[in-house]
Amino acid sequence: MNNRIGVFICHCGVNISTTVDVEEVTEFASKQPNVVVARNYKFMCSEPGQAMIQKDIGENHLDAVVVAACSPQMHELTFRNACEEGGINRYLFQMSNIREHCSWIHDKKTAATQKAEALVNAAIRRVAWHEPLEPTFSEVNPATLIVGAGIAGIQAALEIAESGNPVYLVEKESTIGGKMAKFDKTFPTLDCAACILTPKMVSISHRKNIHLMTMAHVEKVDGFIGNFKVTVRKKARYVNEKCTSCNDCVDVCPVKVPHYFDEYHSERTAIHKAFPQAVPNTYVIDKQEKPPCIEACPIRQEAAGYVALIRERRFKEAAELIRLRNPLPVVCGRVCYHPCETECNRDYVEKPIAIQYLKRFALDWAREQGESIEPPKIERRAEKVAVIGSGPAGLTCAHDLAAKGYDVAVFEKLSELGGMLRVGIPAYRLPRHLLKEELDYLKKLGITFKMNAEFGKKITINRLKEEGYQAIFLAAGAHAGVTLDILGEGSEGVISGVDYLRRVNLGIESHTGRNVAVIGGGNTAMDAARTALREGAEKVTILYRRTRAEMPAAPHEVDDAEEEGIRIHYLIAPTAIARGPDGKLDVTCINIELGEPDASGRRRPIPIKGSEHVLEFDMVIPAISQNPDPKLFSNGGDQLKKSRWGTIEVDEESLKTNIDGVFSGGDVVLGPSTVIASMGAGRRAAESIDKCINGQPLENFQTHMPKERIARGEDFRPHSYAPMFKDIPKSDRVGMRKLPAHARVKGYDEVELGFSEEEAVREASRCLNCGVCVECLACVKTCQPEAIDHRMQNELVDIEVGQILLATGYDLFDASHAAQFGYGKLDNVLSSLEFERMLSSTGPTGGKLLCKNGKEPRAIGIIHCIGSRDENYHKYCSRVCCMYALKFAHLVKDRTDAEVYQFYIDMRAYGKGFEEFYNRVLMEAATVIRGKVAEVVPSGPTLKEQGHLVIRCEDTLVSKFREIPVDMVVLCNAIEPTADSEDIRRLFSISRSPDGFYLERHPKLDPTATMTDGIYIAGCCQGPKDIPDTVSQAAGAAARMLAIIAKGKVELDPIRAEIQEELCSGCRICNSLCPYFAIDFDAEKKISIINTALCKGCGTCVAACPAAAITGKGFTNNQIFAEIEGMLV
Amino acid sequence: MSGFEPKILAFLCNWCSYSGADLAGVSRLKMPPNVRPIRVMCSGRVDPAFVLKAFASGADGVLIGGCHPGDCHYAEGNYKALRRALFLQRMLELQGVDPRRLRIEWISASEADRYAGVVADMTEIVRALGPLNLDRWEKVRIRKR
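Residue numbers (our numbering), protein chains in the order written: chain A, 1 to 1129; chain B, 1 to 145.
Isolated chain B, as found in the complex (with noise of 0.2 Å):
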């Protein structure tokens, strides 16, 4: 499909991610504008609900970046992002939707350039998917809490 930009929703975390992601911003590191970025404290505070929510809202990707294994500032949230992850990604699959919509990678302080290739990269590959038709999602309601 020509012209369609997709949206893809990042969750990075504070420590490592988030500050990649402001070293590529540093470091002027070009990258397509297509991911928006939304801080949390660890990449295990990404609620899987986050994820369905960012699909239900019109995302047609979702990034969650973490710290490397054994890195994590909170000793072992990543893993349990990891773990989160691959679940949703057999159940995106199960609802129909391509699971390389949901991403996870773990990305240090220092890997700007990485963060840079991940956001282009993934921007390519959602692009290619084409939109996220989520018509039968159109009624889901995930409950506000």
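One chain only, chain A, in its complex shape (with noise of 0.2 Å):
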């Protein structure tokens, strides 16, 4: 216990003598146990306040001190320190806030004088209980930390770099400069913002110790001063620092979207570079989402990206592309179920985009014009593979490999190439000459095909591996038709839709009977139907078990169908099948009704009894489903897993079988699916046989696996310079013609009949650029230095640095939330940045004064204060509007002979050659008019007057409302703090004013500090301010962490908990209380332990400790129960 103790009383000027009675606190502090003496003084904090305490402690051998001042905030440090200087420890002292939280807040001096005394009571008796500490010291890394690049970012960082200390810059955008890159000219020297702040970007960018990240932003800090451990994200770029900035990308790219460097008011392409003089100096592709068309195709075919093209006329590029990826490019612009036109945004508006109808139109047309797309040069590799069915899948395996340049061979167990291509889908909607092109693509590839070789014969697994075969995929399919299960099917005349279309498409004689049945509702069932037809067929009956509404069919092959004279009869199914004397098959068919739905979401069907009836035909197929054929699990593939549907069993993600390097997919896994499913499998698979090659493991695969469709309501937008869903005209999707119903059935001739080139570009037309880049790979093609990569990922930097910088900036008010201005609404309204563009010479009118009708304006109205100064919006003063609004009139009226009418509320011109530039601007014959506007309108109805704008406002130096006509607006935005500045608050553990701007330590003494050791601020994130007070903020900014970096070392206050062993029970509440993992358990002596250098001083543990075990330095037990007690004496 110290009992000698000295207390001081500040009269802080009259600041706290006013409301309290400075020496009658004097005379009660003099007599509380254990005080040798109290004193009063002006100002305790001066050089001789200060004096005074070391005297005392030096004469009165005090061993405490007290002192009854200011917020310990503002100046526990500076007596601290006296008192150290005194010669007693330094935490022999306690400071007691008698002005913020007494004579400030208080009017009455009795009552505020007996606050005083209760706080300088508890204040003497805590003191008593007061121990020496020593501080703790720790190193402090020498890099520092500054987020955002704009002018106050540059500044502080070219400061620290230059004492060649490492900086790490980080901006979230894709060059630095901030807001100050926008501006034309800056007040009031008038010097252009470019020609002074583009050497200091260079600067940037020339300095090695400088790291810039751009495109990136901080996700994670943590740690103290000296010691911070900062996470950051980058976001990828796609273009690397091979760019040669030569803008050869943008003249390719079909993506135009309003260019947010221009606010919005010019166009740039998804490749792009911010502005000319950007930092870094490199273009940058901008990829928000990926368009949902690409991201649901299961070979990830660049959908958007043709279709982009297709509208640019670029049908040769468009075919080029498609082919680039696809290797059956012909075969899904005609039969793939297109789950990109499901995910199509544009299905949100009104229909989706005509995808696959554009792909087949772009290499029909490179067809019709002779283009042949010629396969890439391939560097050969020994290794073999083996595909087993040259389907879809097999195919898509066989050229995925053949093009990494492996040695494929392709065995097919019929006399035709193609699988289900050639043998399950009819040549009216597969022309047969086309499916030959797509494979003397492939074959050209250097893929060898081996027909009439079925597997399970020659050709076995072991066989390929002892022939040199290092992999084998397996993809044959599933050509075996599943029975009805029903008496009579194996009688005469019914044979399964599979066998039946494989028999016609082969051209082996088979019969085709008068009056046909097909069972089933799915394509096949269709696809039989139809080739029903075409064999002579007078009758086709299909025979359905649901409704229409549930039917698996692509809905256009239902009206096809229905349109060539096939009859549908719905809820109903076979229960037999008898032949009779006559050749006639009686199928006896029951009613169904629809129940619940079943697993499969669709409605479980329910016989009706005794609705059973007899049809009568002279052919059945059934088509309801297919399986691989039984074979293959005994011929050859005997020790394949066979799962219980009779498919192969793989694993999901590699395709990998149970037997080592046997991969398969397509239908023998999936059952009957389609065909861009079975390319996605055998896309897959060709990438798990590389890596497997290769050597390496079966993960990170990079060929992906469609995810499931996310709704998106009508507010969505399809990237984030688009209109949302319901603010999109709609456009209706292009049909496509088709051949007549009669002309069709006669024979086998397409029944499609393709876009014209106008059709492909009016329906390419209507895509929305979902996520800007559409990935069309123009720009990859023609950049020479090839510094693009649209597979660049996202990634997470980890950075260790000792201090941080925030320098995020401000946002500008948006004045669209003040109606009465017309911003967003009237035309040739325009915000303060919209026309510092306009003035800029690299700005969207190249620094023409032009209203949106191309003229030039005659008169321009300037209002101040929108935002600012204002009740309902922000109460501040933004501070640099005044004079940028007046640099906006000398340049109107530089450039223009236009009028100029200021329309202010007070004229603020406080800085250095502020005033002096206001009177220059007023003798240049600008009209300034006092007074707050009430509104802008359009102006009158007659035609004279039509198009231009309308100010009212009071002028109220002369007492009167005037109105104003002008042909063009410029508002003065308030500055005010970023949308994102209450998540940086957060993730740096600093606060903010109630302006909303960051908080500094103090308003006048310490403005660049924050109430976090070790992080800073400077800008506009601090308040508005122009662009010399911000630099010279970051300037000091820089100055405070540079003393930091030279000291080498922070001085940590040894406000830590510590267990006092003996009395710790080890009952562990404490380990889960500490969010620093500080507390450990010691299971050898069964009691809990402190890492003091990660404890931080909260004091939870202590409080929560049941047997008290736990002390918190500087906060004792003690120390607050005395203080309690002295408060309430």
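Hints listed in this document are in silico derivations from the structure and should not be mistaken for laboratory results. Keep in mind it's a predicted model, so treat the numbers as computed, not measured. Hints may contain errors.
Below, a list of computed lysine-lysine pairs in the DSS-like style, where the Cα atoms sit at most 27 Å apart [what the hints assert, rightly or not]:
hint	chain 1	residue 1	chain 2	residue 2
1	B	Lys-30	A	Lys-875
2	A	Lys-404	A	Lys-465
3	A	Lys-932	A	Lys-960
4	A	Lys-444	A	Lys-691
5	A	Lys-730	A	Lys-825
6	A	Lys-641	A	Lys-465
7	B	Lys-30	A	Lys-351
8	A	Lys-450	A	Lys-413
9	B	Lys-30	A	Lys-109
10	B	Lys-30	A	Lys-1047
11	A	Lys-641	A	Lys-458
12	A	Lys-932	A	Lys-875
13	A	Lys-656	A	Lys-457
14	A	Lys-108	B	Lys-30
15	A	Lys-208	A	Lys-242
Fit the two chains together into the complex; they arrive one by one in their own frames, and the hints show the way.
Put into structure tokens, the structure is as follows:
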């Protein structure tokens, strides 16, 4: 216990003494136990005040000191130092806050004095329990993190870099420069913003010790002053540093969106540079979300890309792009079930883009123009891979592997290549010569095809391995029809859909009845029915047990079938087939009703008892489903693991079977699925096989599995610059012309006739450019230095720094919130930044002042204080607006003959050269009107008045209401805290002042530091300020940080928790409470131990310890108990 | 009871509520003089014993001020404080003490208005509740440690 306490009470000029009777408090203090001396003084923090304390420490042998003055956050450090210099430990000191917490907030002197006595008393009681403490020191990492690379961040980075210490400069945009880079001229000197900023920007890129990270943001901050650990998320730029800024890519990019840098008043391409002098001087691709059509495609075909190219009439490039990743583009253009269209965002507006038709168009166009697309040159490899089956899965796998250089052999059981494409899909949907075209291209790639080579006879897994094939892809398809499992199914005249189609398609002699029934509702059923019609059947009837809504066949296929005269009976199922003596087939059918939805989500068919009836046919084609050929598992594949559905079992990710080196995919794994799903499997298998042969683990696959569909509401937008779905004008989907039904059934001519160029362009123009970049890859082709890589990924970078400066800038007040000014509704009402861009020589008009109609304005109104000095929005003054408004007036006068009216509340010309500038602009005949504008309205209805604006306001100097006609209105929008400032504040554990800007440690004496040690602020994130103030503050912050770096270590408060081992019962309650994991359990001693290096001194564990075994140094229980008692005496 | 001036003790966390109270001072916001602040590093440091000790020593009300949820300088100390305060309120009620005498509030460094409002409001509430009559607690001794 300290029992020689000195109490020193400060008047703080009159700040304290006006409301607190300082003499009385001194008198009171002197009577308290342990108090040896009590004094008061005008300014205790001054030199004489401190000397008084030090003198008393010496003369009166004080062992503890209380100072009652301002907040400890203001002067605790001052007095601790004074005590130390006076000869006692710096922690044998307690501060009592009788200014902020007493004199400033109370009026009545008696009550305030009484409270001050309580506060002082509490401090006296507390300090008696103080113990000497020694501060701990921590090494300082000399690296600094600066967040935000506007002029503040740039200035600070350069200052620190000058000292040779490393700087990490993190900027969320693609270029540094911040808002200043958008300005034309700066007030009051009128020097060009670019001319003074760009040299600094260039220096940033030249300094080796500045690590610039653009398109990045800080995601996580750990640690404390001297030792912060920061995680930065860097967004992929898709263009690397090989970029020479030649601009070739911009010429070929088909996507145009409004340019953010010009405040959306100009257009830019998806690949772009923010402005010509951007740093880094590297282009960037704006890729927001991936276009859903691309994401939905199992082979990741760049659908949005070729649609955009078709829109630009670049048909050849579109065809080349399709070919690039799609081994069967002609097939897909005709028979794909197009998941891309299912996912298309345009579906939320009216109808999806006809992506499949456009694909077909591009390839048809290329063929008609005689544009042959040659396969790329490939470096051959020695490794051999065998592919069993030449269907879509096998061909895709073979294509991908051949493109990688492998020696690929495809083994086909039948005499014709193509699997289901050849023997399942009828020629009227996929003309044979087109399929041949695909196969010819694949042959050119170097794939060997072996026909009549059935797996299971001479070709077995072991045999292939012996022949040196390093991997096998089994894609034998599902060519065995599933039986109906009813009586009489084996009768003559009953043939499964797949068998029937295979026979017809291979030209094998086969009899088609005159009155044919097809059983089933899938695409095979439709194909079989329509083929039967073409093979001479007079009447074809489809029997389906559910309704049209549940039919799995593609809707347009069903329409086509009906158009051709095929009848469909719904809610009916056969129960038996009997062949009569006349060769007729009597099919007993039963009517069905639909029950609750089953596992597939479709309603369960329930037979209606007693509804049996007999229908008569002479041929029945069951086409309900297909399975892999069961022989597959006995011949050659007898070790393959079979699923209970009779398909091959594989690992879902890698498509690996149970046998090493053998992969499988397509219908043989999936059961009857789609062309594109099988192709997706082939692609994944190729990647697996490539990894397998190269000895890589089977993980981190690049080929993708499409995700589930995510519903998008009306408020969704395709990308950040597009209107919302509900605001997009509707436009009809272009349909495809077809052969008339009567002409179709005569033969196998293709039913769908394709798009004309005009139709294709019209349809492609409906594309919304989802995600901005549509991956047409035109930029990749044109880029000579090969700097573009669409596969770049976002990355997380961990950095370690000693100190952090936040220079995150400001946002401009959105004037559309203040509807009376017409912003966003009326043409020619501009925000200040829009006007800056218009003035800039690199802006949308090249520096010309133009109204929307292209004419020069004859009168311009500049309205001050939009959103600032306004009770409804921001109460504060934005500080810079008066001056930039005058700058605008000057520039308008300089460049046009327009009249300029300034509407101001008060003219604030507070800075160096500002008043002179104000006078100069006044001399230039700008009219200034004092009064807050009431509203901006369109001018009257007569033709002469149309297209103009009227500003209504009260001229308060003459007390008159005025209406002033103008052509253009420029709003001086308030500077406001950035939208993400709350998130940033939390991330860095700092505070915001009531206006929303970051809170400085002290408004006058410490405007660059924050309450969190090691975190500094500069520029407009701390409050509105102009460029010189910003630069000064940034340089000041840099100096502060450099001082710490130079010192090399920081003093850390010894406020830490400490466990008294003998008291700890080992209950472990504290272990889980510590947010810093500083408390561990010592299993041997059976007690908890605190790692002081990790402890931050919050005291949560101290409060929780039931045994009071934990002491919070600097805030011990005894100290606080004493304080409580003292406060209540 | 007329003329009764309650004594209220406020445990304010260093980073948010204490700074908020400082800002109230800097902004010269006027408030009743009944609330006497004690600075702690974190509201999580407030030992339930502090609250009981305050009542036992003659406080009529106790205020705990912490950072807003998610804003705690020490990540989650304010949640611990809340948990304890809610528990204490139940305990106090069982002891016949109106739970409104203990109050926990989230006050950020910028919320000077809020601090002044809470001080005024709490003073009124506790004034209306009257002095805390803790005869039964007289013999209660909270062990110093």
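Evaluated hints:
The straight-line distance between the Cα atoms of B/Lys-30 and A/Lys-875 is roughly 21 Å, inside the 27 Å bound, and the hint therefore holds. Our distance criterion of 27 Å between C-alpha atoms is met by A/Lys-404 and A/Lys-465, whose separation comes to about 21 Å. Straight-line distance between C-alpha atoms of A/Lys-932 and A/Lys-960 comes to about 12 Å, which keeps the hinted pair within the 27 Å bound. Proposed proximity of A/Lys-444 and A/Lys-691 is supported: the alpha carbons are some 24 Å apart, at most 27 Å.
Annotation: proposed proximity of A/Lys-730 to A/Lys-825 holds, straight-line Cα distance about 22 Å (limit 27 Å). As the CA atoms of A/Lys-641 and A/Lys-465 are separated by approximately 18 Å, the hinted pair is consistent with the 27 Å bound. Pair hint B/Lys-30 plus A/Lys-351 does not hold up; C-alpha atoms about 64 Å apart against a cutoff of 27 Å. Restraint check: the Cα-Cα separation between A/Lys-450 and A/Lys-413 comes to about 9 Å, which is no more than 27 Å; the hinted pair holds.
Taking the CA atoms of B/Lys-30 and A/Lys-109, the gap is about 13 Å. The hint holds against a cut of 27 Å. Distance check on the hinted pair: B/Lys-30 and A/Lys-1047 sit about 43 Å apart at the alpha-carbon level, beyond 27 Å; violated. Between A/Lys-641 and A/Lys-458, the direct Cα distance comes to roughly 21 Å. Compliance with the 27 Å bound is thereby established for this hinted pair. Restraint check for A/Lys-932 and A/Lys-875: satisfied, since their Cα atoms lie roughly 15 Å apart, inside the 27 Å limit.
Of the pairs offered as hints, the one joining A/Lys-656 and A/Lys-457 holds, with about 23 Å between alpha carbons and a cut-off of 27 Å not exceeded. In summary, the hint linking A/Lys-108 to B/Lys-30 is supported, as the alpha carbons are separated by about 11 Å, within the 27 Å threshold. Taken as a hint, the A/Lys-208 and A/Lys-242 pair is honoured in the structure, with Cα atoms around 18 Å apart against an allowance of 27 Å.
The structure fails to meet hints 7, 10 from the earlier list, while all remaining hints are met.
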